[in-house]
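Colleague: Going line by line, the protein sequences match chains A and B. Take the first sequence: its position 284, counting from 1, is numbered 284 in full-length UniProt numbering, and each next residue is one higher. Take the second sequence: its position 180, counting from 1, is numbered 180 in full-length UniProt numbering, and each next residue is one higher.
Incorrect hints may appear among the rest.
Stated by the list, open to error - Covered stretches of chain A (in silico footprint by chain B; criterion: 3 or more residues with CB under 8 angstroms from a CB of chain B, positions within the stretch not fixed):
id, stretch
1, 106–112
2, 340–352
To be verified - Ranges between beta-carbon positions, derived for each pair:
id, chain 1, residue 1, chain 2, residue 2, range
3, A, 226, B, 216, 31 to 39 angstroms
4, B, 120, A, 131, 19 to 27 angstroms
5, B, 96, A, 123, 38 to 46 angstroms
6, B, 216, A, 445, 46 to 54 angstroms
7, B, 175, A, 113, 37 to 45 angstroms
8, A, 442, B, 2, 52 to 60 angstroms
9, B, 225, A, 213, 26 to 34 angstroms
10, B, 324, A, 445, 50 to 58 angstroms
11, A, 314, B, 353, 45 to 53 angstroms
These are calculated hints, taken from the structure and not from any lab test. Ideal Cβ positions, reconstructed from N, Cα and C, are used throughout, including at glycine.
Protein chains: 2
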Amino acid sequence: MTEIETILRQSLPEASFRPPEPRYLEEPRGRYAGQAVAVLAPASTEEVTTIVKACAQTATPIVPYGGGTGLVGGQIAGEGTRPVVLSLERMRQIRKLDPVGATMTVEAGAILADVHSAATAEGLIFPLTLASQGSARIGGLLSTNAGGVNVIRYGNARDLCLGLEVVFPDGTVMHGLSSLRKNNTGYDLRHLLIGAEGTLGVITAATLRLFPEPAATGAALMVVPDPDAALALLRRVQARAGGGLSAFELIGGMGLTFLDEVGPELRQPFAARPDWMCLIDLGLAQGQDPSDLLEAVFAEAHEAGLVSDGVIARSEGQRQEFWSLRESIPEANRRIGSISSHDISVPVAAIPAFIAEAPGRLAKIGDYRINCFGHLGDGNLHYNVFPRQGQSRADHEEARGGIKTCVHDLVHEMGGSVSAEHGIGRLKVDDLERYGDPAKLAAMRAIKQALDPKGIMNPGAVLRAP
Amino acid sequence: MTEIETILRQSLPEASFRPPEPRYLEEPRGRYAGQAVAVLAPASTEEVTTIVKACAQTATPIVPYGGGTGLVGGQIAGEGTRPVVLSLERMRQIRKLDPVGATMTVEAGAILADVHSAATAEGLIFPLTLASQGSARIGGLLSTNAGGVNVIRYGNARDLCLGLEVVFPDGTVMHGLSSLRKNNTGYDLRHLLIGAEGTLGVITAATLRLFPEPAATGAALMVVPDPDAALALLRRVQARAGGGLSAFELIGGMGLTFLDEVGPELRQPFAARPDWMCLIDLGLAQGQDPSDLLEAVFAEAHEAGLVSDGVIARSEGQRQEFWSLRESIPEANRRIGSISSHDISVPVAAIPAFIAEAPGRLAKIGDYRINCFGHLGDGNLHYNVFPRQGQSRADHEEARGGIKTCVHDLVHEMGGSVSAEHGIGRLKVDDLERYGDPAKLAAMRAIKQALDPKGIMNPGAVLRAP
Numbered sequence: 001m002t003e004i005e006t007i008l009r010q011s012l013p014e015a016s017f018r019p020p021e022p023r024y025l026e027e028p029r030g031r032y033a034g035q036a037v038a039v040l041a042p043a044s045t046e047e048v049t050t051i052v053k054a055c056a057q058t059a060t061p062i063v064p065y066g067g068g069t070g071l072v073g074g075q076i077a078g079e080g081t082r083p084v085v086l087s088l089e090r091m092r093q094i095r096k097l098d099p100v101g102a103t104m105t106v107e108a109g110a111i112l113a114d115v116h117s118a119a120t121a122e123g124l125i126f127p128l129t130l131a132s133q134g135s136a137r138i139g140g141l142l143s144t145n146a147g148g149v150n151v152i153r154y155g156n157a158r159d160l161c162l163g164l165e166v167v168f169p170d171g172t173v174m175h176g177l178s179s180l181r182k183n184n185t186g187y188d189l190r191h192l193l194i195g196a197e198g199t200l201g202v203i204t205a206a207t208l209r210l211f212p213e214p215a216a217t218g219a220a221l222m223v224v225p226d227p228d229a230a231l232a233l234l235r236r237v238q239a240r241a242g243g244g245l246s247a248f249e250l251i252g253g254m255g256l257t258f259l260d261e262v263g264p265e266l267r268q269p270f271a272a273r274p275d276w277m278c279l280i281d282l283g284l285a286q287g288q289d290p291s292d293l294l295e296a297v298f299a300e301a302h303e304a305g306l307v308s309d310g311v312i313a314r315s316e317g318q319r320q321e322f323w324s325l326r327e328s329i330p331e332a333n334r335r336i337g338s339i340s341s342h343d344i345s346v347p348v349a350a351i352p353a354f355i356a357e358a359p360g361r362l363a364k365i366g367d368y369r370i371n372c373f374g375h376l377g378d379g380n381l382h383y384n385v386f387p388r389q390g391q392s393r394a395d396h397e398e399a400r401g402g403i404k405t406c407v408h409d410l411v412h413e414m415g416g417s418v419s420a421e422h423g424i425g426r427l428k429v430d431d432l433e434r435y436g437d438p439a440k441l442a443a444m445r446a447i448k449q450a451l452d453p454k455g456i457m458n459p460g461a462v463l464r465a466p
Numbered sequence: 001m002t003e004i005e006t007i008l009r010q011s012l013p014e015a016s017f018r019p020p021e022p023r024y025l026e027e028p029r030g031r032y033a034g035q036a037v038a039v040l041a042p043a044s045t046e047e048v049t050t051i052v053k054a055c056a057q058t059a060t061p062i063v064p065y066g067g068g069t070g071l072v073g074g075q076i077a078g079e080g081t082r083p084v085v086l087s088l089e090r091m092r093q094i095r096k097l098d099p100v101g102a103t104m105t106v107e108a109g110a111i112l113a114d115v116h117s118a119a120t121a122e123g124l125i126f127p128l129t130l131a132s133q134g135s136a137r138i139g140g141l142l143s144t145n146a147g148g149v150n151v152i153r154y155g156n157a158r159d160l161c162l163g164l165e166v167v168f169p170d171g172t173v174m175h176g177l178s179s180l181r182k183n184n185t186g187y188d189l190r191h192l193l194i195g196a197e198g199t200l201g202v203i204t205a206a207t208l209r210l211f212p213e214p215a216a217t218g219a220a221l222m223v224v225p226d227p228d229a230a231l232a233l234l235r236r237v238q239a240r241a242g243g244g245l246s247a248f249e250l251i252g253g254m255g256l257t258f259l260d261e262v263g264p265e266l267r268q269p270f271a272a273r274p275d276w277m278c279l280i281d282l283g284l285a286q287g288q289d290p291s292d293l294l295e296a297v298f299a300e301a302h303e304a305g306l307v308s309d310g311v312i313a314r315s316e317g318q319r320q321e322f323w324s325l326r327e328s329i330p331e332a333n334r335r336i337g338s339i340s341s342h343d344i345s346v347p348v349a350a351i352p353a354f355i356a357e358a359p360g361r362l363a364k365i366g367d368y369r370i371n372c373f374g375h376l377g378d379g380n381l382h383y384n385v386f387p388r389q390g391q392s393r394a395d396h397e398e399a400r401g402g403i404k405t406c407v408h409d410l411v412h413e414m415g416g417s418v419s420a421e422h423g424i425g426r427l428k429v430d431d432l433e434r435y436g437d438p439a440k441l442a443a444m445r446a447i448k449q450a451l452d453p454k455g456i457m458n459p460g461a462v463l464r465a466p
């Protein structure tokens, strides 16, 4: 037994040890294989500090582990000294729910869907919504500053968090579970830890913002001729719905073709597969009618030539059908198998220019299919490149690097980001070095060195291990 | 001439030197008197780097200076080595305004009111709104994470900023003027610099979020029996207005008494001065009528015994009158002269309990008048303690410390903040040490040391100078 194993066995209860099952050492796309000296699931913040102190003492790396749904390898360390995998899965208590203040304090291992349920039981909502909500955990969602479909209305994960409890790399605990809306007392370490992907400390609990459940919800799918029209449609919806617009998703025709090709099988709303359509989701206050509003928007947009067809949900069931369609596209993508996937953002106004320019550049590399969809109002696209029908991603393995660079170079030229919502993890460390601002990177390294001088917290994620 | 003066004279144009006028060396309440080896007003980011590098070379402190409106002495260094005062007043260009993307990139010296005007000219708004907007500058507003009356709807200054250009203490420049809504590429240094009060670098420019101008605005004053009723009224307005509630201010009766006593003279809406009233401000989308909504809220709240009287603005002029009343209270406070002022926050639901408890505790110290008003929906009160009529603050000078500790201890017991929106500056360094989380403070010091090893950036602000 190594020194760290001995210390851990002496200082932790048996229940905190987990068998090193594959689920702790793989990531969804199978691109990383990890290793571990131990997989630990502490039951309390105190146990987390015990683990972190033991690791600090023995210079053992720690990989914080939430739901394992990250797409950039932040949760998997395959190189260097074998790490302790620190899973928050047993810390999933709701410590406090304040319906009047509309806040909830939860431990980092709470699953997003459970947080949703707890809020709903009080007539409130926690609006962070994304495909992996049945397994993603709050600690991971905050550590990666997760996005999802409701960012346009409620912001990213960071905007939904009022306070954090964090175990720093020296084992000290920051007791920052504030539920205050305003608090200007020193550096905002909450925002520094959120999005740091476990490289500066372990988030053990968080105080989250809740919101009133909208009095009425509604949704529509509208067919637009091109992304420019989609953007103009977005402006019109915003003018009528104000802050009541919950989501505005752009869906490219290739996603619908993929669904026809490989499923999941579901009813498509338009007989002819449109090149572009928008999924509009509303959550309105008392006295406003979503269907009336969507009909008025459609009439006005149709008159202006911005939409050619559309369907407004007549029931909550139909609204859910629209969302199933949208959420099935990533599954269809997985079944086809992308050569290279890109989670990019550009300034919102530049979305049409990006969509116009990228295919021509990619055509110079090879003959591909592009499935482009995403969160139009946030300027965030999932821009994924696939083989032609009958070919597989394996046929294009050697092209992946070139495709990625082609897309990311264009994004960078347009002032965009090569990771809009997934983070850097281990997958995009090169990209951050290539595109990141040098002064920002130097400051990040200085902060990492200051807070984690031994380099034990998730080494190799975000910043290259020294 | 000292070494730093020699270097500066050699490397900067004459126009960048300002006479060391009192306005650079005093703060609004006259509690701090500063000194300076030079007052500099650079014309460009390049000149800022020249200054910072010269100061780094000679270990000369730098005090970044915006509009000089800060209330906690962050802009005034009276002790230690004479600093360079670095005023951003000449850097006030709007570098870019993107109406489609709804963003504006401005230099740090831009005055808030000018930013408002530039946005309005494009049919957009920049919603940060506070009493000092005619002189406060963007760099200072971001460095202190300013709040104001519209936080309930649009958030603090940090929530309104997408990107920053910053000169770090070593003179390197972070080119981070991103206008992206989503960007998860590394540590969020933007949020670290915002609210750091110039202790980690100099903000030279920022990209700000703009918002659509609401289609219709409206306001009302409603008389409530107590803060509990005010909170219940807030919930009812939120249920009807959704995201359309722009501000919800609680106004205590003492403010109205002070206006009667010392002015400014203005028409008060209720013949009998109510103990408590709420100023409700709405900005609604197309198709919604603010007056109808406010009338419905009033009828419902009256039925429920939450309001006893009210007046709804019948014109934009009347809405402005309501706001003049609210904004005149700080001026009346100044004329009376507070013994001790407190910018505090507690969890929103705890506001009534705080207001109920504090007077009894203060009565044990002495016989005072309390003017309590503020941003109820944010849990943020300006809780100011005054002498009885006929006495002056000078009569109670020796009681100030005890009063402050009394109020701040109660705030701390209730999980609140002793600086909700004004920051720490030099005034509250002791408070931060007394009430701050030790692990957070240690991490702050480590970050300060890492980014500013020579300790030249605004030394003594936020953190005690070593």
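Colleague: Hints the structure violates: just list their numbers, smallest first.
Modeller: The structure conflicts with hints 1, 4 and 8, although it agrees with all the remaining ones.
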